[in-house]
Amino acid sequence: MSDSKQDDLDKRINKAKKAAQSPSTKQEDSTFYGKSFRVGTDLVAGVFVGVIIGLMVDHFFGTSPWGLIGFFILGSLAGFLNMYRTLFHNSGFFVGLERSTKYDDPTENNQSEKPDEKK
Amino acid sequence: MTIASPLHQFELVPIVSLKMGNVDLSFTNSSFFMILSTFLISVFLILSMQKKAIIPGRWQSLAEVSYEFIANMARENIGLDGRKYFPFVFSLFMFLLFGNMLGMIPYSYTFTSQIIVTFGLAMMVFVLVTLIGIAKHGLRFLLFFVPKGVPVFLLPLIIPIEIISYLSRPVSLSVRLFANMMAGHTMLKVFAGFTVMLGVYGIAPLAINVALTAFEIMVAALQAYVFTILTCLYLNDALHLH
Numbered sequence: 000m001s002d003s004k005q006d007d008l009d010k011r012i013n014k015a016k017k018a019a020q021s022p023s024t025k026q027e028d029s030t031f032y033g034k035s036f037r038v039g040t041d042l043v044a045g046v047f048v049g050v051i052i053g054l055m056v057d058h059f060f061g062t063s064p065w066g067l068i069g070f071f072i073l074g075s076l077a078g079f080l081n082m083y084r085t086l087f088h089n090s091g092f093f094v095g096l097e098r099s100t101k102y103d104d105p106t107e108n109n110q111s112e113k114p115d116e117k118k
Numbered sequence: 000m001t002i003a004s005p006l007h008q009f010e011l012v013p014i015v016s017l018k019m020g021n022v023d024l025s026f027t028n029s030s031f032f033m034i035l036s037t038f039l040i041s042v043f044l045i046l047s048m049q050k051k052a053i054i055p056g057r058w059q060s061l062a063e064v065s066y067e068f069i070a071n072m073a074r075e076n077i078g079l080d081g082r083k084y085f086p087f088v089f090s091l092f093m094f095l096l097f098g099n100m101l102g103m104i105p106y107s108y109t110f111t112s113q114i115i116v117t118f119g120l121a122m123m124v125f126v127l128v129t130l131i132g133i134a135k136h137g138l139r140f141l142l143f144f145v146p147k148g149v150p151v152f153l154l155p156l157i158i159p160i161e162i163i164s165y166l167s168r169p170v171s172l173s174v175r176l177f178a179n180m181m182a183g184h185t186m187l188k189v190f191a192g193f194t195v196m197l198g199v200y201g202i203a204p205l206a207i208n209v210a211l212t213a214f215e216i217m218v219a220a221l222q223a224y225v226f227t228i229l230t231c232l233y234l235n236d237a238l239h240l241h
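Here the protein sequences line up with chains A and B, keeping their order.
Quick note, the first sequence lines up with residues 0 to 118 if you use numbering that gives the first Met the number 0.
Quick note, the second sequence lines up with residues 0 to 241 if you use numbering that gives the first Met the number 0.
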């Protein structure tokens, strides 16, 4: 009886040690809701920042209305890029079209053991 | 019969008026609730961890759960070298969570429904993340805006887009929290107004209000979570450039 308890404790200690050493990469369902709440503002924020930069460029360089037009288009593209990243990448959005390295995981090859974890 | 405007709740009321030159430094109801939330967080964490029991009681479990929740979030999203940012992330989460939740108490003030508060917090995160990125990678930080595998002739188009996308982070971070809190609280007050206007039939909007209150509590927790997890993701980006 006490042996099995001891084993159980050992197992739990090992599990905790593992968890402390290598961060798990599992995606939680709760991030789905988080993502869906993000998408709308992602688009708007890109357009908004583009328009602000365009207005500032026009104000300081007297290029009205070309700064506004150009940066509005760039801002919209940035907004769609934000949305794309939020929707189609696991970790939400980041800079760069490719997925950024999540962390310098020394146990990277662990992932090959359970390939079904990523959809 | 006059019905209070649904936006009345967002009005700033100075408790102690204070003017320095042209700057209004009044202590308002918003400031009061910010201090109250900081005070409540401190009281909650200090008192509940007072016993330091091996088998935690109710309050101690609550404090431990909130600690572990954020510790796991930081570990999974930033990685092991992100541990030193845990205090910042934890403080941010608790401040937002308590702010949002205090706003759910009738007659209280929701300071997260003010764009300047959320924008201030988002800018703090933005500046911190940028500084960490520059401190850690130096000029290599600028490679952040150059995605891998893009043809050279597209770079003049891609780099401005990446920079705007980067600059839009604090905007989307702050607008998301502010808009969710403000829209939710306005909606609650609008339906409360219907309840008063409709008399006996007011039972219908009242039922909606009950459902909305539950929904708002979920939004309050979720938005604090989203803000915090995005802070973690940004920190991860700055620490581990692609």
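In short, the hints are calculated from the structure, not lab data.
Please note that a few of the clues may not be correct.
[As the list claims (entries may be wrong)] Lysine to aspartate or glutamate pairs mimicking DMTMM-like chemistry, simulated, CA-CA at most 25 angstroms apart: (1) A:K16 x B:D23; (2) B:K135 x B:E63; (3) A:K14 x B:D80; (4) A:K10 x B:E10; (5) A:K34 x B:D23; (6) B:K50 x B:E67; (7) A:K14 x B:D23; (8) B:K51 x B:E63; (9) A:K17 x B:E63; (10) A:K14 x B:E10; (11) A:K16 x A:D6; (12) B:K83 x B:E67; (13) A:K17 x A:D6; (14) A:K16 x B:E10; (15) A:K4 x B:E10; (16) B:K188 x B:E67; (17) A:K14 x B:E67; (18) B:K51 x B:E67; (19) B:K51 x A:D9; (20) A:K17 x A:D7; (21) B:K51 x B:D23; (22) A:K34 x B:E67; (23) B:K50 x B:E63; (24) A:K17 x B:E10.
Hint by hint, here is what the structure shows:
1. A:K16 x B:D23: 53 angstroms, violated
2. B:K135 x B:E63: 32 angstroms, violated
3. A:K14 x B:D80: 20 angstroms, holds
4. A:K10 x B:E10: 56 angstroms, violated
5. A:K34 x B:D23: 38 angstroms, violated
6. B:K50 x B:E67: 18 angstroms, holds
7. A:K14 x B:D23: Given that 25 angstroms is the threshold and the Cα spacing comes to 55 angstroms, the pair is violated.
8. B:K51 x B:E63: Between K51 (chain B) and E63 (chain B) the Cα gap is close to 11 angstroms, so the pair holds against 25 angstroms.
9. A:K17 x B:E63: With a Cα-Cα distance of about 20 angstroms, the restraint between K17 (chain A) and E63 (chain B) holds, given a limit of 25 angstroms.
10. A:K14 x B:E10: Given pair K14 (chain A), E10 (chain B) is violated - Cα atoms ~52 angstroms apart, limit 25 angstroms.
11. A:K16 x A:D6: Roughly 15 angstroms between the alpha carbons, so the hint for K16 (chain A) and D6 (chain A) holds.
12. B:K83 x B:E67: Given that 25 angstroms is the threshold and the Cα spacing comes to 15 angstroms, the pair holds.
13. A:K17 x A:D6: 16 angstroms, holds
14. A:K16 x B:E10: Distance of about 51 angstroms is beyond 25 angstroms: violated.
15. A:K4 x B:E10: 60 angstroms, violated
16. B:K188 x B:E67: Distance ~36 angstroms between K188 (chain B) and E67 (chain B) Cα, so the pair is violated.
17. A:K14 x B:E67: 16 angstroms, holds
18. B:K51 x B:E67: With Cα atoms ~16 angstroms apart, K51 (chain B) and E67 (chain B) stay inside 25 angstroms; holds.
19. B:K51 x A:D9: Satisfied, since the Cα-Cα distance of roughly 24 angstroms is no more than 25 angstroms.
20. A:K17 x A:D7: Distance ~15 angstroms between K17 (chain A) and D7 (chain A) Cα, so the pair holds.
21. B:K51 x B:D23: 44 angstroms, violated
22. A:K34 x B:E67: 22 angstroms, holds
23. B:K50 x B:E63: 13 angstroms, holds
24. A:K17 x B:E10: Measuring from Cα to Cα gives roughly 51 angstroms; hence the hint is violated.
Of the numbered hints stated above, those contradicted by the structure are hints 1, 2, 4, 5, 7, 10, 14, 15, 16, 21 and 24, listed in ascending order.
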